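Construct the complete structure from the given sequences, taking the supplied hints into account.
Protein chains in written order, with my numbering: chain A, 64 to 417; chain B, 64 to 417.
Read the hints as simulated data drawn from the structure, not as lab findings. Fair warning: this is a prediction, and the values are worked out from it, not measured in the lab. Incorrect hints may have been included.
Because identical chains share one entry, a pair is satisfied inside a single copy or across any pair of copies.
Stated by the list, open to error - Under the rule of at most 20 Å between Cα atoms (straight-line distance), these lysine to any residue pairs were calculated in the SDA-like manner: (1) 242 x 94; (2) 244 x 103; (3) 272 x 286; (4) 272 x 413; (5) 272 x 283; (6) 302 x 283; (7) 272 x 295; (8) 242 x 199; (9) 302 x 286; (10) 244 x 98.
There are 2 protein chains.
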Amino acid sequence: MAVSNFTQDELDEIYAFAVDLGRKAGDLLMERIEQRISGSEGHSQKFEEKDSSVDIVTQTDEDLEVFIRNAIQEKYPDHKFLGEETYAKGQSRDYLIDEHPTWCIDPLDGKRLIQPHHLTPLKMLTFPGTVNYTHLFPMFCISIGFIVQHRPIIGVIYAPFQDQLFSACPGRGAWLNEKRKLPLIRNPSIPPMPANAPSSCIFSCEWGKDRRDIPDGNMRRKLESFTNMAAEIGSRDGKGGMVHGMRSLGSATLDLAYTAMGSFDIWWEGGCWEWDVAAGIAILLEAGGLVTTANPPEDPDTAPIEDLRLGSRLYLAIRPAGPSETETGRESQERTVREVWRRVRHLSYSRPGA
Amino acid sequence: MAVSNFTQDELDEIYAFAVDLGRKAGDLLMERIEQRISGSEGHSQKFEEKDSSVDIVTQTDEDLEVFIRNAIQEKYPDHKFLGEETYAKGQSRDYLIDEHPTWCIDPLDGKRLIQPHHLTPLKMLTFPGTVNYTHLFPMFCISIGFIVQHRPIIGVIYAPFQDQLFSACPGRGAWLNEKRKLPLIRNPSIPPMPANAPSSCIFSCEWGKDRRDIPDGNMRRKLESFTNMAAEIGSRDGKGGMVHGMRSLGSATLDLAYTAMGSFDIWWEGGCWEWDVAAGIAILLEAGGLVTTANPPEDPDTAPIEDLRLGSRLYLAIRPAGPSETETGRESQERTVREVWRRVRHLSYSRPGA
Numbered sequence: 064m065a066v067s068n069f070t071q072d073e074l075d076e077i078y079a080f081a082v083d084l085g086r087k088a089g090d091l092l093m094e095r096i097e098q099r100i101s102g103s104e105g106h107s108q109k110f111e112e113k114d115s116s117v118d119i120v121t122q123t124d125e126d127l128e129v130f131i132r133n134a135i136q137e138k139y140p141d142h143k144f145l146g147e148e149t150y151a152k153g154q155s156r157d158y159l160i161d162e163h164p165t166w167c168i169d170p171l172d173g174k175r176l177i178q179p180h181h182l183t184p185l186k187m188l189t190f191p192g193t194v195n196y197t198h199l200f201p202m203f204c205i206s207i208g209f210i211v212q213h214r215p216i217i218g219v220i221y222a223p224f225q226d227q228l229f230s231a232c233p234g235r236g237a238w239l240n241e242k243r244k245l246p247l248i249r250n251p252s253i254p255p256m257p258a259n260a261p262s263s264c265i266f267s268c269e270w271g272k273d274r275r276d277i278p279d280g281n282m283r284r285k286l287e288s289f290t291n292m293a294a295e296i297g298s299r300d301g302k303g304g305m306v307h308g309m310r311s312l313g314s315a316t317l318d319l320a321y322t323a324m325g326s327f328d329i330w331w332e333g334g335c336w337e338w339d340v341a342a343g344i345a346i347l348l349e350a351g352g353l354v355t356t357a358n359p360p361e362d363p364d365t366a367p368i369e370d371l372r373l374g375s376r377l378y379l380a381i382r383p384a385g386p387s388e389t390e391t392g393r394e395s396q397e398r399t400v401r402e403v404w405r406r407v408r409h410l411s412y413s414r415p416g417a
Numbered sequence: 064m065a066v067s068n069f070t071q072d073e074l075d076e077i078y079a080f081a082v083d084l085g086r087k088a089g090d091l092l093m094e095r096i097e098q099r100i101s102g103s104e105g106h107s108q109k110f111e112e113k114d115s116s117v118d119i120v121t122q123t124d125e126d127l128e129v130f131i132r133n134a135i136q137e138k139y140p141d142h143k144f145l146g147e148e149t150y151a152k153g154q155s156r157d158y159l160i161d162e163h164p165t166w167c168i169d170p171l172d173g174k175r176l177i178q179p180h181h182l183t184p185l186k187m188l189t190f191p192g193t194v195n196y197t198h199l200f201p202m203f204c205i206s207i208g209f210i211v212q213h214r215p216i217i218g219v220i221y222a223p224f225q226d227q228l229f230s231a232c233p234g235r236g237a238w239l240n241e242k243r244k245l246p247l248i249r250n251p252s253i254p255p256m257p258a259n260a261p262s263s264c265i266f267s268c269e270w271g272k273d274r275r276d277i278p279d280g281n282m283r284r285k286l287e288s289f290t291n292m293a294a295e296i297g298s299r300d301g302k303g304g305m306v307h308g309m310r311s312l313g314s315a316t317l318d319l320a321y322t323a324m325g326s327f328d329i330w331w332e333g334g335c336w337e338w339d340v341a342a343g344i345a346i347l348l349e350a351g352g353l354v355t356t357a358n359p360p361e362d363p364d365t366a367p368i369e370d371l372r373l374g375s376r377l378y379l380a381i382r383p384a385g386p387s388e389t390e391t392g393r394e395s396q397e398r399t400v401r402e403v404w405r406r407v408r409h410l411s412y413s414r415p416g417a
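Shown next as structure tokens:
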């Protein structure tokens with residue numbers, strides 16, 4: 064199954080390159096972690112400043128992006144390259160992806176761009192926020208996505224602290240550590256979405272960085288949506304979804320990876336950027352998942368299930384699903400999409416400058 | 064530093080036994096996982112029923128508890144043993160721990176006791192709920208705690224899918240995989256709690272299983288507390304805490320382990336049972352963390368910081384902290400406790416039957 068004008072051989076080569084690159088970048092990241100743990104980063108890094116934990120993380124982020132960009136540009140000089148740091152430095156939030164084959168990477172996910180008051184505008188955009196990485200909460204990763212005609216097709220996500228590498232290539236399937244096919248539970252068959260979804264489901268969601276407590280702001284809309292999904296059946300004017308579990312990892316990238324794995328049934332999020340999701344979407348789609356928009360259409364029961372729009376900052380993802388006696392896997396996914404749409408609010412994330 | 068009438072040698076021996084037992088139980092669990100992934104569990108297990116995913120997990124849970132209990136009772140016949148399954152089978156929710164040295168274990172955490180309508184009373188209590196394990200979301204673990212005079216002193220938590228073993232023994236420190244001392248960031252010194260805590264903190268919390276959407280019920284109280292912690296500074300009548308990140312893993316046990324590691328700064332939870340927290344509390348305390356009650360006292364600014372009460376089902380935990388120029392580590396932890404207490408609601412969890 065070749066994609067666009069790439070042959071399977073070409074795709075396989077790009078895929079092998081991306082996996083190797085992800086691992087090498089992960090090794091580099093683990094070296095930095097060992098330095099942080101041993102307390103030796105002050106000696107080996109080229110700077111020493113007051114707010115050193117922030118600077119050390121920023122420096123690691125930038126070094127990783129340079130490492131990954133150089134490798135890609137040397138190997139594939141004709142491909143476009145977009146890194147999270149590219150955006151940060153340019154202070155642009157435009158959607159910069161076009162028809163060309165494009166690498167879209169996040170050198171160190173598990174931080175978030177935030178705007179603390181004491182930072183200058185430039186620093187605002189490069190400040191690694193919440194930061195699973197800063198806290199060494201292991202849910203941080205390197206994310207490398209390859210996009211053709213706005214569709215992520217090859218993805219590598221590597222979480223080096225727990226040595227979990229997720230990867231996918233068209234025609235080759237999606238994998239954990241190149242040995243376990245995703246989703247994990249697939250023998251003798253991939254389970255369909257539960258008949259009573261979203262009940263019985265694990266729902267993955269993130270609070271995000273927009274914490275303004277204003278009437279009908281994103282935080283309140285998210286919370287209302289979360290609460291609908293969580294509350295017992297019959298409550299909240301019939302919107303109670305009684306999901307089995309609510310999970311928040313602080314990483315859209317890993318949320319998608321675990322949805323591809325089958326660990327999460329549903330992921331619903333607004334506000335993330337294309338470098339957060341490119342690799343994860345490639346992996347989830349190749350594993351058999353569904354990705355559409357987070358924002359419910361006017362009639363969630365009948366509206367067509369819109370295809371994902373990269374750059375929309377609004378995503379709803381459903382795990383891979385197999386057929387039941389009464390439905391195809393796709394039908395059970397679409398049924399679940401509609402059940403989520405019935406319970407969630409519109410989110411309002413525009414692209415500053417776009 | 065001997066505890067009670069145990070010598071350091073005796074503690075060391077118990078600790079080594081517990082670590083070895085945790086690893087062996089983890090290996091057993093991984094065998095079952097490989098069977099689930101390969102689809103061969105139907106052949107190797109001794110039962111085949113309709114609702115097989117539930118039954119397989121229940122069976123694994125019970126087998127693990129028997130394995131762990133037998134090992135402990137053979138090695139330490141004079142110690143008391145309490146397992147999560149012991150409680151489940153007896154249908155008692157009494158606090159059964161007394162002055163005797165007691166092993167308190169959860170053979171398979173990352174599930175929750177829930178009460179689905181279609182299950183019989185006995186099954187209600189043994190049904191593994193939400194289930195990181197059922198979904199193979201890697202945040203499931205084996206939890207082995209050793210308690211003396213109501214205080215967890217030795218703990219082993221093993222999350223085999225990501226091969227993370229957390230452990231602690233009095234006088235020996237707390238460890239990840241027996242090679243990285245906890246908290247991880249400790250060189251040249253353990254960071255104090257942030258001056259502006261809970262801002263800058265990662266806040267770990269769980270939605271739990273009480274999803275009744277009733278006025279002033281636990282779900283609404285939790286949500287109000289979560290929202291206070293998350294909302295920007297200045298909002299919500301001054302209660303906005305603007306924490307850097309909100310995390311929910313679905314496992315109180317691993318929440319505590321990551322707090323000991325320094326990955327989470329604050330963990331606040333009601334509703335969990337002693338087998339969920341015994342090992343984690345031992346590890347967190349040995350790492351230098353603080354554990355007190357989730358429920359704020361009448362005057363959170365001045366009330367004494369109550370010592371943890373095992374069995375209270377209400378916990379607030381703060382990560383290990385070192386001194387700053389103006390505070391001891393303990394002072395920065397206590398300051399953080401009070402800042403959390405100012406923002407959270409009382410939770411109401413009683414012990415059915417107690």
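Status of the hints after comparison with the structure:
{"no.": "1", "hint": "242 x 94", "result": "between (25 Å within a copy, 16 Å between copies)"}
{"no.": "2", "hint": "244 x 103", "result": "between (39 Å within a copy, 16 Å between copies)"}
{"no.": "3", "hint": "272 x 286", "result": "both (13 Å within a copy, 17 Å between copies)"}
{"no.": "4", "hint": "272 x 413", "result": "within (14 Å within a copy, 35 Å between copies)"}
{"no.": "5", "hint": "272 x 283", "result": "within (12 Å within a copy, 22 Å between copies)"}
{"no.": "6", "hint": "302 x 283", "result": "both (16 Å within a copy, 16 Å between copies)"}
{"no.": "7", "hint": "272 x 295", "result": "between (27 Å within a copy, 9 Å between copies)"}
{"no.": "8", "hint": "242 x 199", "result": "between (26 Å within a copy, 16 Å between copies)"}
{"no.": "9", "hint": "302 x 286", "result": "both (14 Å within a copy, 17 Å between copies)"}
{"no.": "10", "hint": "244 x 98", "result": "between (34 Å within a copy, 14 Å between copies)"}
Hint check: no violations occur; every hint is consistent with the structure.
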